[in-house]
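Spelled out, the chains give:
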Amino acid sequence: MKIRLLFLLLVSCFLHSEEIEVRLKTAVQLKPVYLSRMKTEPSQFDWRYFEDLRSLLEFDLSNGGFASVPSIREEWEQTFHWPDVRREFDLTVWKKEKIPFVLTLSVSRNVLQLTAFNIEKGTSKRYAEIPITGRSEEDRKQIHTLTDLLHKDLFGVEGIASLRLIYSQRTKGIETEWVSEICLCDSDGANAKQITAEQSYCITPSFYPHTAGLANPSFFFVSYKQGQSKIYWGTPHSKPEIAIELRGSQLLPTINGKATQMAFISDAAGRPDLFIQNFDASHRPIGKARQLFSAPRATQASPTFSPDGKKVAFVSDKDGPPRVYLLDVLTPKDTKRPRPHLLTTRNRENTSPAWSPDGTKLAYSAKVDGVRQIWLYDFETGEETPLTTGPENKENPAWAPNSFHLVYNTDLEDSGELFLINLNQREPIQISKGIGHKRFASWETW
Amino acid sequence: MRNEVHWNLRRIFEATMKLSVHLFSLAALLMMSSCCHNSGQSWEDVKTAGRYMQRGVDALWGKDYESRMLTSDEEFIGPYDGEFIPLSDSDLKGALAGSDTAIPQPRGIPGQKGIPALDKFYFPPDALRNVFQTVHFETDEHVLRDKMEVQAIAQTASYLKKNPNVFIIVSGHCDERASASYNMALGMRRANYIRGLLVKNGVDLNRIYTVSRGKEEPVVMGHSLDEWKLNRRAEFKIYEK
Chain V
24 MKIRLLFLLL VSCFLHSEEI EVRLKTAVQL KPVYLSRMKT EPSQFDWRYF EDLRSLLEFD
84 LSNGGFASVP SIREEWEQTF HWPDVRREFD LTVWKKEKIP FVLTLSVSRN VLQLTAFNIE
144 KGTSKRYAEI PITGRSEEDR KQIHTLTDLL HKDLFGVEGI ASLRLIYSQR TKGIETEWVS
204 EICLCDSDGA NAKQITAEQS YCITPSFYPH TAGLANPSFF FVSYKQGQSK IYWGTPHSKP
264 EIAIELRGSQ LLPTINGKAT QMAFISDAAG RPDLFIQNFD ASHRPIGKAR QLFSAPRATQ
324 ASPTFSPDGK KVAFVSDKDG PPRVYLLDVL TPKDTKRPRP HLLTTRNREN TSPAWSPDGT
384 KLAYSAKVDG VRQIWLYDFE TGEETPLTTG PENKENPAWA PNSFHLVYNT DLEDSGELFL
444 INLNQREPIQ ISKGIGHKRF ASWETW
Chain E
-10 MRNEVHWNLR RIFEATMKLS VHLFSLAALL MMSSCCHNSG QSWEDVKTAG RYMQRGVDAL
50 WGKDYESRML TSDEEFIGPY DGEFIPLSDS DLKGALAGSD TAIPQPRGIP GQKGIPALDK
110 FYFPPDALRN VFQTVHFETD EHVLRDKMEV QAIAQTASYL KKNPNVFIIV SGHCDERASA
170 SYNMALGMRR ANYIRGLLVK NGVDLNRIYT VSRGKEEPVV MGHSLDEWKL NRRAEFKIYE
230 K
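Order-wise, the sequence lines are chains V and E. Counting from 24, one number per residue, gives the positions in the first sequence under this note's numbering. Counting from -10, one number per residue, gives the positions in the second sequence under this note's numbering.
Since the hints were made in silico from the structure, they are not lab data. Since the structure is predicted, the reported quantities are computational estimates derived from the model, not experimental observations. Careful: at least some of the hints might be erroneous.
[To be verified] Pairs of lysine to aspartate or glutamate, EDC-like flavour, derived with a Cα cap of 20 Å:
{"id": "1", "chain 1": "V", "residue 1": "Lys195", "chain 2": "E", "residue 2": "Glu165"}
{"id": "2", "chain 1": "V", "residue 1": "Lys175", "chain 2": "V", "residue 2": "Glu152"}
{"id": "3", "chain 1": "V", "residue 1": "Lys311", "chain 2": "E", "residue 2": "Glu72"}
[As the list claims (entries may be wrong)] Chain E stretches covered by chain V per the calculated footprint, using a threshold of three residues with CB under 8 Å from any CB of chain V:
{"id": "4", "region": "102 to 116"}
{"id": "5", "region": "156 to 169"}
The beta carbon of each residue, even a glycine, is placed where N, CA and C say it ideally should be.
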């Protein structure tokens, strides 16, 4: 009788197979921030150069996840009294229009000045003057930093505009062989530049922790220049050094928040197993690598550490299609016998997990209706919800250090682009440009 | 005595039946938890449930496929001559040797001490094409299903045994459908499986290197079942000293 009931239950599951989409609630309403036209005086630089800087500030604000920037309106512009906009600033106009924040921009003698008005509080703040150099990379960096300051002041959250991204770019080489090199770009995709010259296949780069703002941030990646895939580390334009000396191939490295342990996949023992290696402060390995998990007839992939480094999430197909499992990273002295705990159950093909720095979420790529989308697993509720939609395959999500923004790449036959998305604004923005297959992006951290 | 045997058999039978019901319930729960999936995913669900049930049945006979963490300081220190500290799990070393032997990678470093650098390897010349045949895999699998291809690997092994100066690289490849990162690991799995077959056929394990190319190097561009099958492959490069 029991078996009959269960059989009926099973059959009903097959009949009832519709897709239910659950969208995450928007945590914060976007607040309108009016950004004035750039007030310029005659300058050695073209006015369009200043317009570009203004557009950059608008882009950073609009994609910060907390602000919406209305378009310029002449009647509002006429309320500003230059050169000292603070003296006769009319709060009533903005209160009536329900604009909580107003930003004015001016350039005089090649110095950019931003003033922020908090309409609700009736206060204003003049930010430090920014000397415009005319060197795009430098000036853009200053605007990104200014936006992050604004974000902190207006919304009380850290901005990520000044952080850089590292990624690999795959292109056709001179002799028609594919090559893949490591590149660096700003958070908006600008100032992209290649930082390795291996003439080989370099993939899955990551910064070491706490490299934000450094001129030569350390990073690690996988290169095939010895024929097999090995993990290297280096700084931009320096000769990379091998990070882990181990027989066989090593793939998909990730590092914990203190840079003391690296997890990776290796076939040193004959299977694609999960390994872990301890490191010292100068990125040198301590002791031997340790086999952390292996299972017969199974493939392990894509480890990612919890923020405290005590757990690792990874992909395994040990029980069927690839899904994400959790494993305790015990010290060798622990005697209990941990087993991987299945984490993602909603979809059947889950790959490239990434643990958010605040520890509350896991982003991963899951195949739904034949298309790989980015999904979120919420550790507090246990819910799995889609972050993206659309016909392109998406994979390799990477969290920004604010646990609010993500970057991921699309995967098309002959191209792949980087997209920026945040938890409040579900419309992804393509940030990469140019030829090649841009993939495996990750952020630098504060 | 006879009654005792009968009683014991009955207890075993009852225990097995109870377990079957539990396993079936587990499968049903699994299905229920995924009832929101589309019909395209149902077959995957059934396969997953099947594997869970198989594991449950195996557990009855004492088989445990899970690996475990190290359990003592002694294990942490590991074998002094080893490059890494292995899991000390008997399941990983012998129980499933018939279908999935883990063969450690060669100790020698390519390019040193008489071992060829891996960039010196080349695709087999036409005369050896039949000896080093490319073999193919089913979707998301790493074992060979085609008996002809298993025989082809035996033929490769036979050649390698007769030619001890020949070193090879086995490269594992995937089709375009899974993510790039997972395919990197799956390609590694496939290459190591073929390496294991060769070693089981008597080839010196120190002459076989593996590399995974994931889905980075398809032989055909296209999106049909046939084209995907051609790309899910293991192929060989050789070097003769």
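Status of the hints after comparison with the structure:
no.	hint	in the structure
1	V:Lys195 x E:Glu165	18 Å, holds
2	V:Lys175 x V:Glu152	18 Å, holds
3	V:Lys311 x E:Glu72	6 Å, holds
4	102 to 116	holds (count 4)
5	156 to 169	holds (count 5)
When the structure is compared with the earlier hints, no violation turns up for any of them.
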